[in-house]
Amino acid sequence: MRKMSIFLVIALLVSLLSGCGSSGVQQPTAAPKDPVSTDTPTAPKREDLNLSVTTVLTSIDPHFSEKIADMYAFRQTYEGLYYQNELTGEFEPRIASSYEISEDGKTYLFKLNENAKFHNGEPVKPSDIIYSFKRAGEHPSVASRVANVDSVTEIDGSTIEIKLKAPMAAFMTDMCGVYILNEKIVEEQGAEFGTKVALAGTGPYYWSHVDHANGWTLEAFEDYYRGAADIKTIRFKPISDASAGLVAFEAGELDWYIAPVANWDDLVANTEKYKTEIVPANHISVFVVNPDANPALNNPLVRKAIGHAIDKEAMNIVGFNGLAVITDYMVPVQNTSSDFDLGIIYDYNPEKAKELLAEAGYPDGVDVGAIMSWTGGYYEKMAQVLHTSLNEIGIKCDLQMIEQASVSPNLRSQNYDIATYGWSYYGDYSYMYTRWHSSQKGATYVVYNDKQFDGAKLDALLEAGAVEMDAAKRTEIYKEYNDMFMDTATCFPCINKVQTYVWNKDLKVVNYPNFPEIYNWSW
Amino acid sequence: MINRKTCPMEDNSQVIYKKPSQLKEIARRMKKNKPAVIGLIILTIIILMVLFAEHIVPYKAAITQNVKNRLEPPSGVHWFGTDGYGRDLFARCLHGGRISLAIGFSSAAFSAILGIILGSIAGYYGGFTDGALMRSVDVIAAIPSILMALAVVAALGASQLNLIIAVAFSRTPAIIRVVRTAVLSVGDQEYVEAAKAGGTSDFRIIYKSILPNCIGPIMVQVTMSVAQNILAAATLSFLGLGINPPTPEWGSIISESKEFMRTANYLMIFPGLLIILSTLSLNLVGDGLRDALDPRLKT
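For the record, the sequence lines run as chains B and C.
Residues in the first sequence are numbered consecutively from 1, following the working numbering.
Residues in the second sequence are numbered consecutively from 1, following the working numbering.
One should not assume that every hint holds.
[Unchecked claim] Chain B stretches covered by chain C per the calculated footprint, using a threshold of three residues with CB under 8 Å from any CB of chain C:
| # | segment |
| --- | --- |
| 1 | 370-381 |
| 2 | 387-400 |
[Claimed, not checked] Just so you have them, the derived chain B footprint on chain C, three or more residues with Cβ under 8 Å:
| # | segment |
| --- | --- |
| 3 | 52-66 |
| 4 | 244-251 |
[As the list claims (entries may be wrong)] Mimicking BS3-like on lysine-lysine, the simulated pairs with C-alpha atoms at most 30 Å apart in a straight line are:
| # | chain 1 | residue 1 | chain 2 | residue 2 |
| --- | --- | --- | --- | --- |
| 5 | B | 273 | C | 258 |
| 6 | B | 165 | B | 479 |
| 7 | C | 258 | B | 275 |
| 8 | B | 45 | B | 275 |
| 9 | B | 354 | C | 68 |
| 10 | B | 479 | B | 106 |
| 11 | B | 396 | C | 258 |
| 12 | B | 106 | B | 117 |
| 13 | C | 68 | B | 396 |
| 14 | C | 258 | B | 67 |
| 15 | B | 352 | B | 451 |
| 16 | B | 184 | B | 117 |
| 17 | C | 68 | B | 275 |
| 18 | B | 111 | B | 125 |
| 19 | B | 232 | B | 184 |
| 20 | B | 184 | B | 165 |
| 21 | B | 237 | C | 258 |
| 22 | C | 60 | B | 354 |
| 23 | C | 68 | B | 352 |
| 24 | B | 352 | C | 60 |
| 25 | B | 163 | B | 184 |
| 26 | B | 505 | C | 60 |
| 27 | B | 396 | C | 60 |
Bear in mind the hints are in silico, worked out from the structure with no lab data behind them.
Built from N, CA and C at the ideal position, the CB exists for glycine as well.
Start from the sequences and build out the full structure, keeping to the hints where you can.
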């Protein structure tokens, strides 16, 4: 104890003396060598970028997967003949430098960019393009993109001819998603392609490290034909929990992030550290109603009553903090093909809903089964809001929360009453073909067997829209298509999601509705 | 310890010693254990509030959405504030407690019944029956209990009954072990041998002679498992495998609130505190029961 007291006294004295020294006696300091040296040294310009995605990497094979987490990397590493700009809708040349369309709209001639080369340094050959289109047709994830392609042939060493089975308005959009691969590398790796690093793409970045579960890295391709990217290294890390991702972003572990909407106001206020932007995503959330599910839902008046009970404003507030866009369209309104006035709209009108219920023979309410939704996220919130709204007008139902992976199989097998669902649309309204046409068994999410819903008419509209080259006529077709769902009260578009981007204030970015193009970014 | 009672004054020479009932003895020892008493008081308050929840705040307040009033902080109107849907959090916590405690107690009862039956059989018959049963239990016990519960809910679907089954199933191996050990410890007692010699049926011996003498450790294990079950149910609900919304349950309330962890942390704090208080009080009561039932700690 005594020793401790002595130690404390000495420590106190030392601290007092040192305090006096700093304030009372000016210590000699070295004079600055030059005025510049007194400034804070400028931090070296960063050349790396840390991003996160919500799921692990499925594959690095762009024909195998179109999952969002994978596409984030694919967009940087692979290219099609052309690229469709998500913001402008314009087609920009990539592996092909120009194209011509025949008068009948069935033949496309692509002139290849002679500077385009694969990450292993080999030039892109016509045989690689023929191989890639053939391979894409053999992989379900992207097969629909080439379903209308009749043949791909080499005209000369730098020209490719693609013949279609029928004219197709969305061919260019679809073709942009057929990534060109190096035939030699893919064949050499065989079944292993997609599981390990491969220099088989032509994009501004190449895969340098692949750990599907823990993170993957891309490096800038210095010989890229449009010039090397400013950002040299991109590291992707899977972080499934949005709040955990935000913590990582705020800690500086991530440079760009899609923030949870609940935290948006705080982030926007912190302009000293971050930049923020809200961009409407190419995603529509809907409620689908199965007319075959039970006698109540078989009654169109009950379904229309449900339509008038959907409080989209409340869904937007609860699910998206009021940031999203309320919609009645099957694809986002920013799409030019959606530039039409809808014939039928379901406004939120509980009184009208009750009247429709009474007219349907259910003045005291009716049980319609359950609202199926996947657990968590905005779909669950939308389902909860609808559940309450339906109960208020006398429509009884349960909430059936299931895992995300179980939703599509249940929808496809018609095993639902009412369900929340949604889709991201890419580039052209005819993308709906892959979701709703009866021939698209692998991709279609909802199939109506009921006689009330004219499936043949829906197919015909989708087919007509896909081949119609006249913009005005296409608009009419898609208006009829959109109205068809509203008229039958079988699908109610509700919310056009937004992307709440937040990023390091020193990073210069161009934000897109779905996928970043990091080639355009810099520090 | 023996209580002493004196007989009427006219016969002072005769003194009768009466052994107090075991229940009174346990209660007396429990009273001496202050943490256990505090736990019992907290638990009683929680149970009473949950039982009379409808009289305190109607269930409708727990499920009625009002998005204009969403994320309101605690106030005189909404004691615990409102959640992301504008629902009263106090009402949700109170009514959610019904589900959480119901799952905790029901699954404990469920696993106790199963555990007592199987544990008694294993302990009483021994030999091959014991070996086969206990090795099966070992296999089940080798799977982490929460993983087992997840698997059961994933297979059966999310509902209150399935949650009870899932939690009970994951807890049963522990009860079986305790019961078996307790049965083994009294199975070779003279009174059991006497009953066997007298031709009493096995069921009657287990039911009348063995189980009453090993109820202590079983009670302790079951009480402790209630707290574990509440936590397990909350965990499953937090993971989205619990009760379907909008029915409140403590774990699901926390799960729904996690996105507001930084902007409205009270949404997680109140249900979290209720889980802590209920499990802590159950553990304190369980500890107290263990001490009260342990003959070596008799004072």
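Hints versus structure:
1. For the segment 370-381 of chain B, the assignment as covered by chain C holds, since 4 residues bring a beta-carbon within under 8 Å of that chain's beta-carbons and 3 suffice.
2. Check on the segment 387-400 of chain B: 5 of its residues sit with their Cβ under 8 Å from a Cβ of chain C, so the three-residue criterion for coverage holds.
3. Residues of the segment 52-66 of chain C with a Cβ under 8 Å from some Cβ of chain B number 3, which satisfies the need for three, so the listed coverage holds.
4. Counting residues of the segment 244-251 of chain C whose CB lies closer than 8 Å to any CB of chain B gives 3, which reaches the minimum of 3, so the coverage claim holds.
5. The hinted pair formed by residue 273 (chain B) and residue 258 (chain C) meets the criterion: a straight-line CA distance of about 24 Å does not exceed 30 Å.
6. Only pairs whose Cα atoms come within 30 Å are accepted, and residue 165 (chain B) paired with residue 479 (chain B) is accepted, the gap being roughly 26 Å.
7. Using a Cα cut-off of 30 Å, the hinted pair residue 258 (chain C) and residue 275 (chain B) holds, with the two alpha carbons roughly 24 Å apart.
8. At most 30 Å may separate the alpha-carbon atoms for a hinted pair to count; residue 45 (chain B) and residue 275 (chain B) meet this at roughly 18 Å.
9. Of the supplied pair hints, the one linking residue 354 (chain B) and residue 68 (chain C) holds, its CA atoms being roughly 23 Å apart against a limit of 30 Å.
10. A hinted pair counts as satisfied when its Cα atoms are at most 30 Å apart, and residue 479 (chain B) with residue 106 (chain B) qualifies at roughly 25 Å.
11. With a C-alpha separation of about 29 Å, the suggested pairing of residue 396 (chain B) with residue 258 (chain C) holds against the 30 Å cut-off.
12. Restraint check for residue 106 (chain B) and residue 117 (chain B): the C-alpha separation of about 28 Å stays at or below 30 Å, so the hint holds.
13. At most 30 Å may separate the alpha-carbon atoms for a hinted pair to count; residue 68 (chain C) and residue 396 (chain B) meet this at roughly 24 Å.
14. At roughly 26 Å between alpha-carbon atoms, residue 258 (chain C) and residue 67 (chain B) fall within 30 Å of each other, so this suggested pair holds.
15. In summary, the hint linking residue 352 (chain B) to residue 451 (chain B) is supported, as the alpha carbons are separated by about 26 Å, within the 30 Å threshold.
16. Under the criterion of a C-alpha separation no larger than 30 Å, the hint pairing residue 184 (chain B) with residue 117 (chain B) is consistent with the structure, at around 13 Å.
17. For the given pair, residue 68 (chain C) sits about 29 Å from residue 275 (chain B) by alpha-carbon distance, which is consistent with the 30 Å threshold.
18. As the CA atoms of residue 111 (chain B) and residue 125 (chain B) are separated by approximately 12 Å, the hinted pair is consistent with the 30 Å bound.
19. The suggested pairing of residue 232 (chain B) with residue 184 (chain B) holds, with an alpha-carbon distance near 26 Å, which does not exceed 30 Å.
20. A hinted pair counts as satisfied when its Cα atoms are at most 30 Å apart, and residue 184 (chain B) with residue 165 (chain B) qualifies at roughly 29 Å.
21. The suggested pairing of residue 237 (chain B) with residue 258 (chain C) holds, with an alpha-carbon distance near 22 Å, which does not exceed 30 Å.
22. The straight-line distance between the Cα atoms of residue 60 (chain C) and residue 354 (chain B) is roughly 21 Å, inside the 30 Å bound, and the hint therefore holds.
23. Note on residue 68 (chain C) and residue 352 (chain B): the hinted pairing holds, with a Cα-Cα distance of about 23 Å set against a maximum of 30 Å.
24. With a CA separation close to 24 Å, the supplied pair residue 352 (chain B) and residue 60 (chain C) stays within the 30 Å bound.
25. Restraint check for residue 163 (chain B) and residue 184 (chain B): satisfied, since their Cα atoms lie roughly 25 Å apart, inside the 30 Å limit.
26. With a CA separation close to 47 Å, the supplied pair residue 505 (chain B) and residue 60 (chain C) exceeds the 30 Å bound.
27. At roughly 15 Å between alpha-carbon atoms, residue 396 (chain B) and residue 60 (chain C) fall within 30 Å of each other, so this suggested pair holds.
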